[in-house]
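Assemble the whole structure, with the sequences as input and the hints as a guide.
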Amino acid sequence: MKKKKGKKKKKKTLLGRGEAIMSGSTVIFYLLAAITLVSALLAVTTRMIFRAAIYLLFALIGIAGIYFWLQYEFIAAVQIIVYVGGIVVLIIFSIFLTQQAGEQLPKQKLGRQLFAALASFCGLALVMLQLAQHAFVETGNKAIEPTVANIGTQMLGVEEGGYSLPFEVVSMLLLAALIGCIVIALKSKPETE
Amino acid sequence: MIEPGLYHMLFISTTLFFIGVYGFFTRRNLVTMLMSVELILNSVNLNFIAFNKYLWYDNE
Chain L
1 MKKKKGKKKK
11 KKTLLGRGEA
21 IMSGSTVIFY
31 LLAAITLVSA
41 LLAVTTRMIF
51 RAAIYLLFAL
61 IGIAGIYFWL
71 QYEFIAAVQI
81 IVYVGGIVVL
91 IIFSIFLTQQ
101 AGEQLPKQKL
111 GRQLFAALAS
121 FCGLALVMLQ
131 LAQHAFVETG
141 NKAIEPTVAN
151 IGTQMLGVEE
161 GGYSLPFEVV
171 SMLLLAALIG
181 CIVIALKSKP
191 ETE
Chain B
1 MIEPGLYHML
11 FISTTLFFIG
21 VYGFFTRRNL
31 VTMLMSVELI
41 LNSVNLNFIA
51 FNKYLWYDNE
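From first to last, the protein sequence lines stand for chains L and B.
Per our numbering, residue 1 is the first one in the first sequence, and the count goes up by one each step.
Per our numbering, residue 1 is the first one in the second sequence, and the count goes up by one each step.
The hints are simulated quantities; they were obtained by calculation from the structure and are not laboratory data.
Every residue, glycine too, gets a C-beta built ideally from N, C-alpha and C.
Hints may be right or wrong, so weigh each one.
Simulated DEER-style distance windows between Cβ atoms [stated by the list, open to error]:
1) L:Phe-74 - B:Gly-5: 18 to 26 angstroms
2) L:Met-128 - B:Phe-48: 18 to 26 angstroms
3) L:Leu-97 - B:Ile-2: 41 to 49 angstroms
4) L:Leu-105 - B:Ile-2: 35 to 43 angstroms
5) B:Gly-5 - L:Gly-111: 16 to 24 angstroms
6) L:Ile-184 - B:Gly-5: 17 to 25 angstroms
7) L:Ala-176 - B:Trp-56: 13 to 21 angstroms
8) L:Gln-104 - B:Gly-5: 39 to 47 angstroms
9) L:Trp-69 - B:Val-44: 17 to 25 angstroms
10) L:Gly-85 - B:Val-44: 15 to 23 angstroms
11) L:Val-27 - B:Val-44: 40 to 48 angstroms
12) B:Ile-2 - L:Lys-142: 23 to 31 angstroms
13) L:Ala-177 - B:Trp-56: 28 to 36 angstroms
Quick look at the structure:
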């Protein structure tokens, strides 16, 4: 099996010599994309709930890698801090607190699975067709350069084009969610006896 | 293989989105449904960033 693989690779490189030589960054991009998509697919299909969380972790790390590949270091760092450091840990905690982590999830009905696969495949085909027909053009507006300093001044700016107000609105929303969580958790169950 | 561009990013984010949709439809468990929603949100983020990267008009 291994020998076969090696032979195949050699053939490919021999064929590709005449065409454009594939650069290292292209290979890295395809690798990252493959990691992301395969682990996302495994995360939604595996029946072990804890494994699903770990596959989700790899998918999120793959997306962070794509951001690094695009040279958006700040967004990649935020992706790692928020998703890998926050949300995956939250999901793992909720798995441990609410379910039996070692057990398998009950098997889904085949009809339901088929329906979901058909629906998502049809949606995928529709969007891909639209993408293939549509030609995207560059906008006339110049965006800010995505450096950390620029993002910071833009986010907290109060002059025109600053995002100070949405920032505060989002923080109010977060506060409301926190208080709502506490209220829900404090509500004691009525005595059933 | 071709040099990656805007359409590659859009391909990845579309595929990720519909993987998330598939997971959302098939799962019964609330935690796993949340994980599928995370995938969907991440695909949207990837879309935003791809458009910013490749459709940024540079008039220098």
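We went through each hint and held it up to the structure:
1. For L:Phe-74 and B:Gly-5, the hinted distance range of 18 to 26 angstroms is satisfied, since their beta carbons lie about 22 angstroms from each other.
2. Checked against the hint of 18 to 26 angstroms, the C-beta distance between L:Met-128 and B:Phe-48 comes to roughly 19 angstroms, which is consistent with it.
3. As the Cβ distance of L:Leu-97 to B:Ile-2 is approximately 47 angstroms, the hint placing it in 41 to 49 angstroms holds.
4. Evaluation of the 35 to 43 angstroms hint for L:Leu-105 and B:Ile-2 yields a pass: the beta carbon distance comes to about 39 angstroms.
5. Take B:Gly-5 and L:Gly-111: their Cβ atoms lie about 40 angstroms apart, and the range 16 to 24 angstroms is violated.
6. Take L:Ile-184 and B:Gly-5: their Cβ atoms lie about 46 angstroms apart, and the range 17 to 25 angstroms is violated.
7. For L:Ala-176 and B:Trp-56, the Cβ-Cβ distance of about 35 angstroms falls outside the hinted range of 13 to 21 angstroms, so the restraint is violated.
8. For L:Gln-104 and B:Gly-5, the hinted distance range of 39 to 47 angstroms is satisfied, since their beta carbons lie about 41 angstroms from each other.
9. At roughly 19 angstroms, the beta carbons of L:Trp-69 and B:Val-44 sit within the given window of 17 to 25 angstroms.
10. At about 20 angstroms, the CB distance of L:Gly-85 to B:Val-44 agrees with the hint of 15 to 23 angstroms.
11. Hint check: L:Val-27 to B:Val-44, Cβ distance near 27 angstroms, so the stated range 40 to 48 angstroms is violated.
12. Range check, B:Ile-2 to L:Lys-142: about 28 angstroms between beta-carbon atoms, so the 23 to 31 angstroms window is met.
13. Between L:Ala-177 and B:Trp-56 the beta carbon distance is about 33 angstroms. The supplied range of 28 to 36 angstroms therefore holds.
This entry does not satisfy hints 5, 6, 7, 11, going by the numbered hints stated previously.
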